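Residue numbers (the working numbering), protein chains in the order written: chain Z, 57 to 139; chain C, 7 to 153; chain U, 1008 to 1154.
It should be emphasised that the hints constitute simulated quantities derived from the structure, not laboratory data.
On a predicted model such as this, the values are computed, not experimentally measured, just so you know.
Quick reminder that beta carbons are idealized off the backbone N, C-alpha and C, glycines included.
Each statement offered as a hint is correct.
Below are the SDA-like pairs computed for lysine to any residue, each with C-alpha atoms no more than 25 Å apart in a straight line: (1) Lys91/Z <-> Met89/C; (2) Lys1128/U <-> Asp114/C; (3) Lys80/Z <-> Leu50/C; (4) Lys1065/U <-> Pro102/C; (5) Lys1065/U <-> Pro1101/U; (6) Lys1065/U <-> Ala1054/U; (7) Lys127/C <-> Ser1086/U; (8) Lys1128/U <-> Ala152/C; (9) Lys127/C <-> Gly1139/U; (10) Lys127/C <-> Glu66/Z; (11) Lys1128/U <-> Arg119/C; (12) Lys127/C <-> Ile1130/U; (13) Lys103/Z <-> Leu59/C; (14) Lys1065/U <-> Thr73/C; (15) Lys1078/U <-> Ala1062/U; (16) Lys80/Z <-> Glu63/Z; (17) Lys127/C <-> Phe1136/U; (18) Lys80/Z <-> Arg82/C; (19) Lys80/Z <-> Met89/C; (20) Lys91/Z <-> Ala16/C; (21) Lys91/Z <-> Arg30/C; (22) Lys80/Z <-> Asn35/C; (23) Lys1065/U <-> Pro1096/U; (24) Lys103/Z <-> Arg82/C; (25) Lys1128/U <-> Gly88/C; (26) Lys1065/U <-> Pro126/Z; (27) Lys127/C <-> Leu1144/U.
Here chain Z is said to cover these stretches of chain C; the calculated rule only asks that three of the stretch's residues, wherever they fall, bring their Cβ under 8 Å from a Cβ of chain Z: (28) 12–20; (29) 28–37; (30) 43–50; (31) 55–68; (32) 97–109.
A few chain C positions that, by computed beta-carbon distances, are all more than 12 Å from chain U: (33) Val80; (34) Gln83; (35) Thr90.
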Amino acid sequence: MDETRPEPIEQIRQRYEGEWLLIKVTSHDENGLPKEGILLGHFPDRKAAWEATEFVDGEVYVLFAGPTIPEGWEAVLHGWFSL
Amino acid sequence: MDGFRFDLSAPHIVVPVRITGMQRVRWVNLVLDTGSTSTVIDELVAFRLGYNLESAPTVSVTTVSGTSQASIIVARQIFALGMTVDEFPVLVMPLPTQLRADGLLGLDFLRRRNLFCNFEKGILLTLPSSRGFLHRLAIFAQIFPAL
Amino acid sequence: MFWVRFDPTRPDVRFWVRLLGPRGIVWCEMVLDTGSSRTVLDERLLARAGYDLIAAPKATVATANSRVEAKIVTVRQISALGISADDFPVLAMPLSQPLGVDGLLGLDFLRRRNLFCNLEKGILLTLPFSRGFLQRLAIFAQIFPAL
Chain Z
57 MDETRPEPIE QIRQRYEGEW LLIKVTSHDE NGLPKEGILL GHFPDRKAAW EATEFVDGEV
117 YVLFAGPTIP EGWEAVLHGW FSL
Chain C
7 MDGFRFDLSA PHIVVPVRIT GMQRVRWVNL VLDTGSTSTV IDELVAFRLG YNLESAPTVS
67 VTTVSGTSQA SIIVARQIFA LGMTVDEFPV LVMPLPTQLR ADGLLGLDFL RRRNLFCNFE
127 KGILLTLPSS RGFLHRLAIF AQIFPAL
Chain U
1008 MFWVRFDPTR PDVRFWVRLL GPRGIVWCEM VLDTGSSRTV LDERLLARAG YDLIAAPKAT
1068 VATANSRVEA KIVTVRQISA LGISADDFPV LAMPLSQPLG VDGLLGLDFL RRRNLFCNLE
1128 KGILLTLPFS RGFLQRLAIF AQIFPAL
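Assemble the whole structure, with the sequences as input and the hints as a guide.
Quick look at the structure:
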């Protein structure tokens, strides 16, 4: 895995567009949201990114650097759950 | 809380959410979903947070593509949009791989506050329910910069 | 400003929407759905409104538990929450049986105005994009009673 100095998470996202990222959070903004972090790894899919979290303690952030659905797709995420 | 900024060009409003599970704390991105009655996370996320899904109770879920089952876990804590909720039930199911978020932030969570969405500037605010005239004025101070 | 009331005791946010089709006006009960990138209407309702689905182009759709194909129909006009959209593409899907609703009002429609949602009192409000300090004050005067 890559181990570098903390940098803005937005910067990491732009560098690894289209990949799943595993980031160790090092600072937060005024709203308590992750602001800077250290990239621990970048992966082609969600499964690989989450498997890598097994080896990491502390506050980590798993995210996809890109839109929530592929280009040309639509999403209808309505769900009625019967509790 | 200041307004949460979202990407206007994205197909969804994506919210960073901190989930405290049985063994770990993880930040994930969830889709702000007023069309989901419950908050949902992907199976992989629940497993890596330390939950055993085999013994978890299940519920029925109906979507536009049919009915399936989801497991129920209780997150020790969820933090999103400036709100912290302890012992919060979350549903777990395998989400399609084409969805590049780890779940849905549903109405069960969102109902705790009022919502203001500025779709021109990409700002989302959660606001408390008002308890009188003076309180409404206080809420005004929060909304005004986001208009 | 446009103000709509919904039943806050229901698990979802539902209200009435006006659809204009070749056979005239049809009223649809729809769910506020920020999880839908595109607005969805029940295919039987669209057929009743006079739309031809047979030759309609298709789209691939990720749902909460699957992937499906849906037809794309361009409706003449759809009006809700003070917003009117002409020649508006929607997804046609079978909704009424599994979900008991005529449609899902998605982000493609909702983005046209700012949105305020009082989930406790059951009030939905859309507001214009602001153009200066005085207009922000005017907009806030509209939100104030809904807080």
